[in-house]
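Residue numbers (our numbering), protein chains in the order written: chain A, 79 to 244; chain B, 136 to 765; chain C, 457 to 912; chain D, 6 to 114; chain E, 2 to 496.
Hint data in this document are derived by calculation from the structure and do not stem from the laboratory.
Keep in mind that this is a model prediction, so the values were computed, not measured.
Check before you lean on any hint, since a few could be wrong.
Claimed, not checked - BS3-like, lysine-lysine: derived pairs with alpha carbons at most 30 Å apart:
no.	chain 1	residue 1	chain 2	residue 2
1	E	Lys428	B	Lys299
2	C	Lys803	E	Lys22
3	E	Lys449	B	Lys166
4	A	Lys243	C	Lys478
5	E	Lys151	B	Lys702
6	C	Lys803	E	Lys158
7	C	Lys546	C	Lys803
8	C	Lys478	C	Lys789
9	A	Lys242	D	Lys113
10	E	Lys361	E	Lys445
11	A	Lys243	D	Lys113
12	B	Lys248	E	Lys445
13	B	Lys713	E	Lys428
14	B	Lys329	E	Lys402
15	A	Lys243	C	Lys480
16	E	Lys445	E	Lys428
17	E	Lys351	C	Lys872
As the list claims (entries may be wrong) - Counterexamples of contact, computed for chain A against chain C with all Cβ distances above 12 Å:
no.	residue
18	Leu85
19	Ser103
20	Ala115
21	Ala141
22	Met145
23	Lys170
24	Val175
25	Ile208
Ideal Cβ placement from N, Cα and C applies to all residues, glycine included.
As a plain string of letters, each chain reads:
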Amino acid sequence: MNVTQILFWFLSVLALFGALMVVTSKNPVHSVLWLIATFFSISGHYILLNAQFLAIVNIIVYAGAIMVLFLFVIMLMNLNKTTEPKKNRWLKLAGGVAGGCLLLVFIAALKSSEITQQTAEVKTGDIGLIKNLGRELFSTYVVPFEISSILFLSAMVGAVVIGKKE
Amino acid sequence: MQNALQIAWLIPLFPLLGFLINGLGRKHLSKSAIGVIGSGVILASFVMSIWVFLQVKDGNTHVADYFNFISVGDLSIPFAFQLDQLSSLFLLIITGVGFLIHVYSASYMHEEKTEHFGRYFSYLNLFVFSMLLLVMGGNYVIMFIGWEGVGLCSYLLIGYWFKKAEYNKAANKAFIMNRIGDLAFLIAIFWIIKKVGNVNYHDVFQFAGENKFSTADITGITLLLFVGATGKSAQIPLYTWLPDAMAGPTPVSALIHAATMVTAGIYMIARSNVLYSLSHTTMNIVAIVGLATALLAATIALKQNDIKKVLAYSTVSQLGFMFLALGTGAYVAAVFHVMTHAFFKALLFLGSGSVIHAMGGEQDIRNMGGLSKKLSVTYFTFLVGCIAIAGIPPFSGFFSKDAILLSAFEKSPVLYGIALFTALLTAFYMFRLLFITFSGKFRGTHEQEHHLHESPAAMTIPLIILAVLSIIGGFVGIPEALMHGGDKLSAFLSPVIKPHEGTPVSHSTEYGLMALSTVLVIAMIIAAWFKFRNYQRSEAAGFGKVLENKWYVDELYDKIIVNPLNKFGGFLNSFIEKFVIDGVVNGVGRIVNYSSRQLRLLQSGQVGSYIFLMVLSMLVVFVLQFFLRK
Amino acid sequence: MNALILSAVLGVIMMFSGVMLKQKSAVRNIAITGLFLLLVVNILEMSGMSFFRINTAGMMHFDRFSLLFNCIVFFSTFVYLLLSARDIEKTGNYYAEYFTLIFFILCGVILVSSFQSLLILFLGIEIISIPLYILTGSDKKNLKSNEASLKYFLLGAFSTGLMLMGIALIYGSVGSFSTAQINMTEKPGALMIAGMILLLFSMSFKVSAAPFHFWTPDVYDGAPTVFTSFMATIVKVAAFIAFIRLFGEAFGNLQPQWQIWIALITAATLFIGNITAVFQQSVKRMLAYSSIAQAGFMLLSLYAMNADAKEGLLLYSAAYSLATIGIFAVLIKMNDYTFDGFNGLAKYQPLLAATTTIFLLSLAGIPLTAGFISKFYMLKAAVATGRHLWLVIFAVLMAAVSVYYYFRVIQAMYFKEGQPGIITTSPVFKYTLVVLAALIIILGIFPNLLLNWYYF
Amino acid sequence: MPINYYIFLSIALFCIGIVGVLTRRNAIIIFMCIELMMNAVNLLLVAFSKMHHATNGATNASAGIDGQIFVFFIMVVAAAEVSVGLAIIVMMYRNIHSVDVNFLNRLKH
Amino acid sequence: MIPVLLILVPLLTGLTSFFLKNERTVRSWALFASLVTLAVSLLGLTLLKDQQYLFFQAEWMASLNSSFSVRLDGMGQILCLLNAVAFPLIFISTWRSNYPKANNFFALMLLAQAGMMGVFLAMDALLFYFFWELALIPAYFLCSQWGGPKRIQVTFKFFIYTFVGSLLMLVGILYIYFHTKDTSFDIASFYKASLTAKEQTWLFWLLFIAFAIKMPIFPFHTWQPDTYEQSPTATTMVLSGVMVKMGVFGVLRWLLPVLPDASWAWGDSVSTMAVAGMIYASLIAIRQDDLKRLVAYSSIAHIGLMCLTIFSVNNIGMQGVMIQMFNHGINIIGLWIVIELIERQFGTRKISELGGLAQKAPAMAILFVVIALANIALPLTNAFVGEFLMFTGIFTSTVTKYNIWFTVLAGLCIILAAIYTLNLIRKVFYGNTVELTVNTSDIKLNEKLALGIIVVLIFWAGIYSQPFLDVTKNVSTDVTNSILDKPEINKYLRK
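The shape of chain A in the complex, shown without the other chains (with noise of 0.2 Å):
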């Protein structure tokens, strides 16, 4: 077992903690900070897999930004204390049962499926460089990216409409 193979490991445990940390917490607040603890390690497998961009650009969006203002929120709505009331126990059971369920079948439907050998590259391979990225971004998905402004631009009319009190 190498280094990549332990932080591989490392980082897995911690993101799947991580996340069903985020599920099972009562605080509204470790939630948000649980997710960001996945986030990162889920950066941190960006960078296993030498996609340096995209590690950075999770980093900065997702655990920066996004989760900044899911925190806010919260924080704005005071809702760090545990106000979540309790959810009928069954409910909770049925939805843990299908979803592990879901997962068991997904796993045993997929464990055969037509790229079991394959391998994914570990720290090589530059397609995930900012370079590589950004070429190819503004060459060949340029109608895509020009695209995606008309969401921003949606969103934010968006904001405003829903956001503004009148």
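Let chain A serve as the given structure and place chains B, C, D and E on it in line with the hints.
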């Protein structure tokens, strides 16, 4: 002189015109005009019929196709008339007797409102028209038209006084019972069409003559035809309508019972004698049913108190005799009896009409008595009728009945015995009727007594004519035993009806039988005289009660057919239709509604449950797709 | 491409016009004119006049199908604005923004109707969805609108998650997002099939097919009625076009794998949509369920996936959108959205009632209306497959059930006594309704007027 | 790294997200769980991208790059979604002072 | 030419009627329109008998291989004539009935007429289906708008019921369409469609259920009595006089020749259903107290007989069915006219509440009795010819071995028909007047005219039916031979 047959279509046309004129003009014509038109058209037909008869007598027969009534593919049914010995004879009876009844009616019904008077005559004319169609028709379908036509007219006439509910019920009964028979007739026609491809008498008989019918076919066809005849001619089991049909005006009863309608069955079987002769089974059944009817009706007639009911049952009984004759192969005898019966039964009915007229509508003989003094013409003619029907020589009934008894004897002595017994009963109840009505003391109310009077000439003259006919009518068929060549009728009908092929009895036996029946009949009359000359009202009891209630046959029919049918209909209507069939249909609607209400609950409004259901269905699909699908 | 750029530009123009212009009518007129222009440039592109030559790297393809479909969408939106633009303004203060969002949604529609890459599909669907979340919640004071918006958003985001997972799995299997590449898969592996099924689910969600339909009644009911109208028609048929393109072009060769699932989903959708609609008391909610039911019928085209199906889907889009827009336009004018609210409408507003009747007849699929002929094409397409005829029979039985709830409105309008609230309508509104009704009937008798465009 | 590891990891994260969506009532947390699901997808895409690059990188230097670009777009969309979503949640909160989805039950049946 | 006019005249006049506001004008307009239609129909029967006038084809939905092709063949002639005769009669007889929003009423009536014309004329399956529904919609609106108190539910049931049927038919049509050699909706292609026996079987039931609901055949009939009861009588006349013939017609034109094997194979089952229904309906009719329901059930029985005959596949019977469709239409319209008069005058249709009308209204009584007797097929009336031929057909049928049973059982209905008809006459017209009917007035001129025409037609077709029979001669042979001449069936026939 050939052209009488060419223009024979005038015969039914006259009554039809009369029907139309009287029917449409009933509000505008005067009573006398209606009477004259109504009777006149029949007279015209009668004259034409005589003309036709004379031609036919010379040996000319004629089948006239006028137009295609129905022509489909291979099936072609012409609107055709057939004028031959049999039909011309019936024409004479129908129009002749019919004319007398019309004349009589004009007087009898004079009290009616003009409008109804016109209606009455138009019905009568239509009746005659239908009957003429029946006998003139050149094929079974045309016969069937007339056949149903007389059924309709009897319905209309029986229910002539439509305000009275029970009359209408009687009319309905007549029509429906007839329809049952008609259905059988129709099926027989279909059968014939299936086998012969045609319904013309000529073709059918030729087909039969060549023995192309299988036994089953011929038996089936003849039996079905016979069932048809039982409806129209009031035989067991379809006879109960006829006594009820007395609801109509008395001349109508005369017309139904004497000249038209009930003789249709006889005519039909006589007409189809070629077919019947091929099937012994049917013949036996016809004979037995006929005899049974004759006996049954005679027993019932013994205890009836309504003057017309007695006559009605006597008609049923006499018709039974005719069927007995047909069943024993003595077609001519049957036709002969039709003729004589037409005379004396018309006479009796008209006579009873005269009595009823005199009694102011009273029909119960228990309330009569001693009428002979006031109603002498009626009395004497009625007496003639009774003697004729009882069968005392040389009155007409004797000869015809004798012919029937003889043929029964030839067939089987048992038949003969029962037939003779029935004949004796006939004599007994007829004279019972006569004596109760005309002898003894008057038992009616004072008013009625005051009102008693002999009927006007327009009514008595037909009576007299019919009385004369009843006396002499039998001479066309004097048995060979009595007079060589006396049986003119058989000779006349021989082209249509093949002479009877039985084992002839010796003349001496014949004499013996005649003597026996005559003596016994006279004995019965004398017995009746002693019993009923001074009739006192008494309640029937025991067996008499059963007879008075007509063996409870009507009640039986009600119990086993009418009521179950009604109940079943009600059950279908109120249960099956409403709950089962409609229930299924509405049930589908209800299920939809119910599932709508339940499915709606799935839409709980909870995001969690929505996602849960989505995840669940994803699970199902994945499991099925990956692990269960081949 | 003409239309895509123009509609994006128009969206921006609307944004600014809200700031610049004070008069509502001016904004409205700009929007209507803009849509008309959109229609025109799209028709021009159909006839070969493309203003822009942009290399999309094979990610988009404007073929006749998509262009004709866009025409239908633009025309429907045009009619929608003619009928309901005033009512859009009544929803809230940001009327110009609403128009902006509508134009952006149209961008998304253009994307999903012409995508060749799953990326574009994803973007298109998001561009449609995000403005819709906003429009749904645009009646901010109304708790129902709030609730609908949040539900829509949560469920929509969830389905986006599913879709992304599906895309990711497919990418793992194929190594490309191009539909053509995906379709070249010879032997589909588990990854591919799992991805396809996830996409099936998420697309089913977008077209509100059972059992992923749950958001529909609530959202349609809660959203401001004008926007429900838009969502239930234009957006829904757009999702269908995306659906049929995706499964036709990317998973065409996998038909044996998904056909049975589509068949089952179709049956379930028909069943749930129709049956649940029966018991509704509010016409608006009934229409929401009916839109599910109609989606079930449209799914038949996916099930069949043949030439008839595509023609039929075009027809269906037109017929369904026009009729539904018409009904919603009338519904908006009503004070009372229950069935009883329609009582006696024929007496007071015979024209409204008559046109509504035609719309309803069309939805119910009665002959001589476009609704019939489009249903007919669907059935025809399904029968042409020669398999699963039970589905066809089930579909017609459900169509019969649909008659039940559509006709309840007709019954209320014509056969029941009542006094509907005061309804004020402008002449333009009435004329548009009449033209719309006429169009539905003409299309019902001569569907080739539309379909010929597809081929020539 | 065998690709299956990444697949299972992503799927596990994804399913944990789903479980969260199913079990939590707080709209914000549900939303966060959805973000978790998206991140799982992102991770998977990047892994696939690298996998494809590993297989096809020899012939095509930019093989697999589209996967990473897709991730980029997902992040873009997610950002937009978050802004709108949080706006909606805030609006909701303003009206009913709760972000509990169980209170979203005016619309049903 | 003629067929197009037959459709267009009522269609266009119907549409214009919507815009006429004056009640009197619209009445006259509708009557005029219906008379023009009648004239056109008669023209097609007499002067312009050449094929060139009786056929029309125009392009329509070419991509589907469907065309607007209409033709007047014998069966079309007779049914269009019925349709054309019925409407003037209805308009005349209901001249005095009051209909609020008369313009809509008459417009819808004319549209219904146009739809039915189209059904009888269409030579293209899709076109047929179009008209099939077009006829239904106006009927629905007519019944629900102007009907009795329970009209909305009842008519709705009727509508959905028939709609289900027609949708099933549509599926069937589509399936056949895909199995025609040239993938066309044309009737000739349909007749030549290649279908396996199994396919034919379920297609047969799909189509048959549609037609059976329309006819209606037991047990698909429950919509009918309710609908007849609740509809305004003018519409009931249309429904029972003409519209039910659409079902019979459908079987004759679109079922038997298209699916001969299945029609032959399932003939006995259908016949059994029909016979059971006949007896069932007759028995129920006996127990009805409501005039309309009684006639409705009697109609079920009559139509059952037609259905039975059709599946006996016999030329004679087939001809019977064809003219019986006409005759039954005429007769039942006559009955409805009288019932309408009674209802209008007394406000009730309960037999038990009426009585003695013959005293007060002799003309009505006489005309009614004539029509009622025609309805039970008394000889020399029109229905006799039809029923005689039909029964002959059943009895001589070569396709079934139960023909005797069918004849006898169906024959029982003749008797049952007599029972309920005569009871009806007895209770309503005869007997003494009751409180309600003491001040009855007789019928007016317009009603006399309508009933008079019907009576004339009854006797004409009853005494000299040959012209009618000649019209349908070829069609009936074709229909029959489409089954009997098939070699695979022919060898099983009972000769």
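Status of each hint after checking the structure:
Pair hint lysine 428/E plus lysine 299/B holds up; C-alpha atoms about 11 Å apart against a cutoff of 30 Å. This hinted pair checks out: lysine 803/C and lysine 22/E have alpha carbons roughly 15 Å apart, not beyond 30 Å. Between lysine 449/E and lysine 166/B, the direct Cα distance comes to roughly 26 Å. Compliance with the 30 Å bound is thereby established for this hinted pair. A threshold of 30 Å between alpha carbons decides the hint, and for lysine 243/A with lysine 478/C the separation of about 20 Å falls inside it, so the pair holds.
As the CA atoms of lysine 151/E and lysine 702/B are separated by approximately 28 Å, the hinted pair is consistent with the 30 Å bound. Our distance criterion of 30 Å between C-alpha atoms is met by lysine 803/C and lysine 158/E, whose separation comes to about 24 Å. Proximity of lysine 546/C to lysine 803/C is assessed by CA-CA distance (about 27 Å); at most 30 Å being required, the pair is judged to hold. A distance of roughly 25 Å separates the Cα atoms of lysine 478/C and lysine 789/C; the hinted pair therefore holds under the 30 Å criterion.
Under the criterion of a C-alpha separation no larger than 30 Å, the hint pairing lysine 242/A with lysine 113/D is consistent with the structure, at around 28 Å. Simply put, lysine 361/E and lysine 445/E have alpha-carbon atoms about 13 Å apart, close enough for the 30 Å limit, and the pair holds. Annotation: proposed proximity of lysine 243/A to lysine 113/D holds, straight-line Cα distance about 28 Å (limit 30 Å). At roughly 24 Å between alpha-carbon atoms, lysine 248/B and lysine 445/E fall within 30 Å of each other, so this suggested pair holds.
At roughly 25 Å between alpha-carbon atoms, lysine 713/B and lysine 428/E fall within 30 Å of each other, so this suggested pair holds. As the CA atoms of lysine 329/B and lysine 402/E are separated by approximately 14 Å, the hinted pair is consistent with the 30 Å bound. Annotation: proposed proximity of lysine 243/A to lysine 480/C holds, straight-line Cα distance about 21 Å (limit 30 Å). With a C-alpha separation of about 23 Å, the suggested pair lysine 445/E and lysine 428/E falls inside the 30 Å cut-off, and the hint holds.
Among the hinted pairs, lysine 351/E with lysine 872/C is consistent with the structure: their alpha-carbon atoms are about 27 Å apart, no more than 30 Å. The non-interface label for leucine 85/A is consistent with chain C: the shortest C-beta to C-beta separation is roughly 22 Å, beyond 12 Å. With a minimum CB-CB distance of about 19 Å to chain C, serine 103/A clears the 12 Å threshold, and the non-interface call stands. Every beta carbon of chain C lies more than 12 Å from that of alanine 115/A, the smallest distance being close to 20 Å; the non-interface claim holds.
Chain C leaves alanine 141/A outside its interface by the beta-carbon criterion, the shortest separation being 19 Å against a cut-off of 12 Å. Consistency note on methionine 145/A: stated as away from chain C, and its beta-carbon is indeed over 12 Å from all of that chain's, at 16 Å minimum. Taking the minimum C-beta to C-beta distance to chain C, about 18 Å, the non-interface status of lysine 170/A holds against the 12 Å cut. The Cβ of valine 175/A lies farther than 12 Å from every Cβ of chain C, with a closest approach of about 18 Å, so its non-interface assignment holds.
Distance check for isoleucine 208/A against chain C: the nearest CB is about 20 Å away, which clears 12 Å, and the non-interface claim stands.
Going down the numbered hints, you'll see the structure goes against none, and every one checks out.
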